[in-house]
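From first to last, the protein sequence lines are chains A and B. Count the first sequence with the numbering used here and you get residues 1 to 152, in order. Count the second sequence with the numbering used here and you get residues 1 to 185, in order.
In case anyone wonders, no lab produced these hints; they're calculated from the structure. Wrong hints could be hidden among the right ones.
[As the list claims (entries may be wrong)] Computed footprint of chain A on chain B; a stretch qualifies when at least three of its residues, placed anywhere within it, have a C-beta under 8 angstroms from a C-beta of chain A:
{"no.": "1", "region": "50-58"}
{"no.": "2", "region": "90-102"}
{"no.": "3", "region": "126-140"}
[Said to hold, decoys possible] Chain B side only, calculated, beta carbon under 7 angstroms to chain A, not exhaustive:
{"no.": "4", "residue": "Thr33"}
{"no.": "5", "residue": "Ile80"}
{"no.": "6", "residue": "Thr106"}
{"no.": "7", "residue": "Gly107"}
[Stated by the list, open to error] Short derived list, chain A residues pointing at chain B, Cβ under 7 angstroms:
{"no.": "8", "residue": "Phe43"}
{"no.": "9", "residue": "Phe47"}
{"no.": "10", "residue": "Met49"}
{"no.": "11", "residue": "Gly52"}
{"no.": "12", "residue": "Ala53"}
{"no.": "13", "residue": "Arg79"}
{"no.": "14", "residue": "Leu89"}
{"no.": "15", "residue": "Val97"}
{"no.": "16", "residue": "Ala111"}
Given the structure is predicted, the values throughout are model-derived calculations rather than measurements. Backbone N, C-alpha and C define an ideal beta-carbon position, used for all residues, glycine too.
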Amino acid sequence: MSERNPLFMPLVLVGGLIFGFGLAFSHMARPEVVLNFLQFEDFGLLFVMFGGAAVSGLTFFLAPRLLDRAPLTGDGFERRLKSFDRNVLIGGAIFGVGWGLSGICPGAAYASLGTGNVTILWALAGMFVGAHLQGYWRSRATDAAPAPSGAD
Amino acid sequence: MVADPVPLQLAADLFPNGVSRYAVGGLLVGLGTVVIYLGTGISAGASTFLESTLSYVSGQSRFQQYVASRDWRVVFTLGIVLGAATFAATVQSGLVSSSLYQPGTTGTLYEVAGITFWSTDVQPWRLLVGGVLVGVGTRVGKGCTSGHGVCGVGSASKTSIVGVLTFLTVAIGTAQVVSALGVSP
Numbered sequence: 001m002s003e004r005n006p007l008f009m010p011l012v013l014v015g016g017l018i019f020g021f022g023l024a025f026s027h028m029a030r031p032e033v034v035l036n037f038l039q040f041e042d043f044g045l046l047f048v049m050f051g052g053a054a055v056s057g058l059t060f061f062l063a064p065r066l067l068d069r070a071p072l073t074g075d076g077f078e079r080r081l082k083s084f085d086r087n088v089l090i091g092g093a094i095f096g097v098g099w100g101l102s103g104i105c106p107g108a109a110y111a112s113l114g115t116g117n118v119t120i121l122w123a124l125a126g127m128f129v130g131a132h133l134q135g136y137w138r139s140r141a142t143d144a145a146p147a148p149s150g151a152d
Numbered sequence: 001m002v003a004d005p006v007p008l009q010l011a012a013d014l015f016p017n018g019v020s021r022y023a024v025g026g027l028l029v030g031l032g033t034v035v036i037y038l039g040t041g042i043s044a045g046a047s048t049f050l051e052s053t054l055s056y057v058s059g060q061s062r063f064q065q066y067v068a069s070r071d072w073r074v075v076f077t078l079g080i081v082l083g084a085a086t087f088a089a090t091v092q093s094g095l096v097s098s099s100l101y102q103p104g105t106t107g108t109l110y111e112v113a114g115i116t117f118w119s120t121d122v123q124p125w126r127l128l129v130g131g132v133l134v135g136v137g138t139r140v141g142k143g144c145t146s147g148h149g150v151c152g153v154g155s156a157s158k159t160s161i162v163g164v165l166t167f168l169t170v171a172i173g174t175a176q177v178v179s180a181l182g183v184s185p
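Whenever a hint applies, use it, and build me the whole structure from the sequences.
Below is the structure:
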């Protein structure tokens with residue numbers, strides 16, 4: 001691994017701290033609140049998603065125009081968009097069933113643990129099992145298929 | 001002066017806990033991703049941590065693409081846990097109070113060493129089964145609520161907007177059906 005700026009890890013930690021504090025403050029780290037939103041009993045959660053997207057959207061718009069390179073990595077601020085294929089729909093639907101059943105998503109689960117929610121370890125264990133299952137299946141499919149002409 | 005009661009009643013129905021805690025929390029979530037993005041150029045999502053962390057213990061080829069990023073993803077997740085713990089030790093414990101924070105009545109509060117912690121009442125089987133599906137779905141679908149929802153929608157990515165509409169629609173349907181079947185909490 002190439003040498004990293006010594007401030008790289010501390011900055012990631014600070015970003016995570018703000019992110020986790022925000023998830024806890026908003027109550028999105030509580031499955032009950034997410035379920036109340038999905039059952040149309042409290043629409044407040046829309047403000048978490050759109051509030052977050054508004055702040056990041058403004059930054060993603062301005063940073064490439066005003067700044068040259070990220071100071072800690074030297075990388076540019078170009079958009080790195082994910083390609084669209086069938087998996088976005090299939091995976092999104094599977095995630096939707098899981099989110100609707102449990103009321104928890106990955107970032108909120110980490111934050112939920114921080115607020116003292118030991119019971120959420122069931123969901124975190126499930127997420128690792130699920131991520132491992134799909135990794136196992138897809139690794140086998142990829143290893144069995146002929147080498148692709150270009151990496152994604 | 002008499003306020004028009006209809007819009008107020010509507011707002012109370014749609015937002016029984018107000019909007020300030022949601023809006024402030026959302027802005028902080030956005031700020032967390034922005035801090036990392038401005039410093040490093042990385043738009044961080046939360047669900048990749050699941051696969052990148054598995055690369056420490058599993059040789060599956062699928063996980064090896066995340067070896068380079070797995071260390072900082074552990075730090076990011078640790079930050080999320082500690083940030084939420086900071087919230088528990090301050091606002092949730094009543095050490096810091098704000099008119100922008102509406103405590104609500106969900107779940108169960110408990111105290112350890114003077115700190116007020118919180119735990120969910122949602123049944124473990126829902127968390128476990130839902131968690132497995134979240135683990136499969138977010139990774140097959142290329143992102144979760146933070147990667148697609150906050151970063152992807154923020155960068156006006158069509159892939160992410162379609163992803164969010166898909167999981168949001170399916171989640172609403174699922175939660176409504178589960179609730180109609182009488183499963184609570």
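Worksheet item: Any hints this thing doesn't respect? Which numbers, in order?
Response: Violated hints: none at all, because every hint is consistent with the structure.
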